[in-house]
Every structure is written in C-alpha cells, then in structure tokens.
Amino acid sequence: AQSVTQPDIHITVSEGASLELRCNYSYGATPYLFWYVQSPGQGLQLLLKYFSGDTLVQGIKGFEAEFKRSQSSFNLRKPSVHWSDAAEYFCAVGLNTNAGKSTFGDGTTLTVKP
Amino acid sequence: EAGVAQSPRYKIIEKRQSVAFWCNPISGHATLYWYQQILGQGPKLLIQFQNNGVVDDSQLPKDRFSAERLKGVDSTLKIQPAKLEDSAVYLCASSLARPSTDTQYFGPGTRLTVL
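Each protein sequence line maps, in turn, to chains A and B. Per my numbering, residue 1 is the first one in the first sequence, and the count goes up by one each step. Per my numbering, residue 115 is the first one in the second sequence, and the count goes up by one each step.
For reference, chain B alone in the conformation it holds in the complex:
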C-alpha cells in the first residue's frame, strides 16, 4: 500500500513570506498528525485531526500557523508569515482509527529553510 505522501520535499523562503505544505495520508486512515522537527530535537506535535475535526492543536502557534483537513483526507499546513525559527522538517503522519492507539505512519517530511 502507498505510504504517507508529502510535498514539497524541500522549500526555501525568506522570512515574512508564506509557505504551505501538503500531506496525503494512507488511504482509510482517519487520524492525521503534523509535527515540527527542529534539527537536533525530536518531533513536536503541532496538530492532530480525527477525520476533518481537530483533536488537539495545543502546541500550534496559531498567530502564524494554520492547518486544515478538508473532507477528512488531504491536509495542508500553512505558515504566514514565516520566521527564522520556523526552519525545521515538517512531518505528516497518519493512523487508522480512534482512540489513536494505532501505529502512526510517517511521511518523508518537508524540509523548510527560512532565510
């Protein structure tokens, strides 16, 4: 079966610009996650969706980050405006069902560099 797809794989932008990342989860997976992984650190959960509803977004910097999951399938994560400290790898993961004890499958990530 196809894995979690993410695009783009790499993105370089200037600070204060906007950027968007796309994620397509494994078919049939109800739960979708976005993580931020800064170099030298473990992934940090930004937002968790169950179908098209938000389960947890307590660590999402809502003044500049937004995410949506239309129709409970694909998801986009947007940063507007970007700051230097947003340079990181953004990982998308999906799992089969609630209560999310199922295995999370991770995509390859999008590496963002903010100059």
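With the rest of the complex left out, here is chain A:
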C-alpha cells in the first residue's frame, strides 16, 4: 500500500520569501503524485500533478514541484509567496493502475507573515 508523509505540520514564511513544502512517499512502483491546496471555506484544488516525463512540474499560481525518485520525494516550491497563498497544502500519491485511488498526507498549514 502507498503512503505519504508531510513532515512539517505548520510553516510560517514572510510575504515575498521563497517556500518549500516537503513530501515523502512510499510506493513500490512509479507513482502518480499530486499537490492540492485547501483554503478556508473553499474546496480542494489541484495545484499540479506528476505522471511521467520531466521531473520538474509546473502548476498553477506559480507553484512547481520536483520528483526525486532516489529520495522518494515530491517537494513543492514557490519563489515568492503572496499573502493569498496562506492555506493548507496536501501531497497525495496515486496508484499507477488507478491514479484516482490516491492516498493523501496529513497536510502542511502555511501562514504568511506581512
């Protein structure tokens, strides 16, 4: 069975600073990987996904993530954080036979300081 670990429960960054959210996964084959954002009062929204090919994936809202097979990681990055990025971020891993059957991490809450 697959699993996901997001080591940081809560991260605080200043507006304009860079951001990196960590995600480590466990899966016996090449995974499908996702990052979602959940803002207060809003539903989950897909930021980006990795299925194959280029290991650096670009997403919406200026986010990117890099798949590193050797480290079983899929970290999310943004060069300059905006106050509107404050939210909860979830990493998820899907089966390569059914990407829809995803296992989510427990999330990282991002606070942005002015």
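These are computed hints drawn from the structure, not numbers from a lab. For each residue, glycine too, the CB sits at the ideal point set by N, CA and C. Be aware that one or more of the hints could be misleading.
As the list claims (entries may be wrong) - Straight line, CA to CA, 25 Å or less: simulated SDA-like cross-link-like pairs of lysine to any residue:
hint, chain 1, residue 1, chain 2, residue 2
1, B, 125, A, 106
2, B, 158, A, 39
3, B, 125, A, 64
4, B, 197, B, 180
5, A, 101, B, 184
6, A, 101, B, 152
7, B, 158, A, 87
8, A, 61, A, 1
9, B, 176, B, 141
10, A, 101, A, 9
11, A, 101, B, 173
12, A, 101, B, 174
13, A, 61, B, 140
Said to hold, decoys possible - Label-pair distances were calculated between CB atoms; the ranges are:
hint, chain 1, residue 1, chain 2, residue 2, range
14, B, 132, A, 66, 32 to 38 Å
15, B, 197, A, 113, 39 to 45 Å
16, B, 131, A, 62, 42 to 48 Å
17, A, 80, B, 197, 43 to 49 Å
18, B, 199, A, 17, 36 to 42 Å
19, B, 132, A, 18, 21 to 27 Å
20, A, 52, B, 211, 16 to 22 Å
21, B, 122, A, 51, 31 to 37 Å
22, B, 167, A, 30, 25 to 31 Å
23, B, 176, A, 15, 32 to 38 Å
24, B, 132, A, 40, 25 to 31 Å
25, B, 132, A, 113, 42 to 48 Å
26, A, 1, B, 168, 15 to 21 Å
As the list claims (entries may be wrong) - Quick look at which bits of chain B chain A covers, simulated, 3 or more residues with Cβ under 8 Å:
hint, region
27, 156-167
28, 221-227
Since the structure of chain A is already known, use the hints to place chain B on it.
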C-alpha cells in the same frame, strides 16, 4: 461550468441516527469519488465510481456506510447508524474519464457532527 455540488453543507445528528449526503458531479464526468476528511488529517478515499459501477470501495466501512450512484450521475452516501468517530467533512469529487488520471474537482464538502 458549474462545479461539484454537495448538500447539505452542515449536519448535526445524535449517535446511532442515520444520515445521507448528496453529490451532483460536474456534467459529463464519468468518475465520482467520496472522501472522508477528519479534522487534522488528509482526505481518505471511501469509494470510487466509474459511471454507476464501483471501481474501489476497499476503505468503505460497509457495516455502516453505503453509497450508490444511480444512472451514473448523482450519488448519495449514507451512514447508518452513525458513531462519534464519523464526525468529519465528507467530500465529493469528480473527474472526466477513465483511467482516472484526469484532474479531480472537489465539492465544498458536508461537515458532519455526531453528538
């Protein structure tokens, strides 16, 4: 285009009562998912439908939870009887087609409180 609709948005019940949640996916989306999100945790997949057939329900507590998707469109999730530990947000999502590599679009969720 309209998003995934869920109702009710909030529900409070006593333990051992029954409750049902409704989901209307985005028009034309063949795949529908129900997730349970307990406070402080990520969503957990309960059941996945492809049209009106079940693709995966391995994490659905079948002694008390049931779900159906009649005619491959709307879906209902039922809990009978509810337990305290069922307090959570129930999320519905849909995606366009099989093999479900398409983007999942999530509804706003139903927050269930069991007293």
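Each hint tested on the structure:
no.: 1; hint: B:125 <-> A:106; in the structure: holds, 24 Å
no.: 2; hint: B:158 <-> A:39; in the structure: holds, 18 Å
no.: 3; hint: B:125 <-> A:64; in the structure: violated, 37 Å
no.: 4; hint: B:197 <-> B:180; in the structure: holds, 14 Å
no.: 5; hint: A:101 <-> B:184; in the structure: holds, 21 Å
no.: 6; hint: A:101 <-> B:152; in the structure: holds, 18 Å
no.: 7; hint: B:158 <-> A:87; in the structure: holds, 19 Å
no.: 8; hint: A:61 <-> A:1; in the structure: violated, 31 Å
no.: 9; hint: B:176 <-> B:141; in the structure: violated, 28 Å
no.: 10; hint: A:101 <-> A:9; in the structure: holds, 24 Å
no.: 11; hint: A:101 <-> B:173; in the structure: holds, 11 Å
no.: 12; hint: A:101 <-> B:174; in the structure: holds, 13 Å
no.: 13; hint: A:61 <-> B:140; in the structure: holds, 23 Å
no.: 14; hint: B:132 <-> A:66: 32 to 38 Å; in the structure: violated, 47 Å
no.: 15; hint: B:197 <-> A:113: 39 to 45 Å; in the structure: holds, 40 Å
no.: 16; hint: B:131 <-> A:62: 42 to 48 Å; in the structure: holds, 46 Å
no.: 17; hint: A:80 <-> B:197: 43 to 49 Å; in the structure: holds, 46 Å
no.: 18; hint: B:199 <-> A:17: 36 to 42 Å; in the structure: holds, 39 Å
no.: 19; hint: B:132 <-> A:18: 21 to 27 Å; in the structure: violated, 49 Å
no.: 20; hint: A:52 <-> B:211: 16 to 22 Å; in the structure: holds, 18 Å
no.: 21; hint: B:122 <-> A:51: 31 to 37 Å; in the structure: holds, 36 Å
no.: 22; hint: B:167 <-> A:30: 25 to 31 Å; in the structure: holds, 27 Å
no.: 23; hint: B:176 <-> A:15: 32 to 38 Å; in the structure: violated, 48 Å
no.: 24; hint: B:132 <-> A:40: 25 to 31 Å; in the structure: holds, 30 Å
no.: 25; hint: B:132 <-> A:113: 42 to 48 Å; in the structure: holds, 46 Å
no.: 26; hint: A:1 <-> B:168: 15 to 21 Å; in the structure: holds, 19 Å
no.: 27; hint: 156-167; in the structure: holds (count 5)
no.: 28; hint: 221-227; in the structure: holds (count 3)
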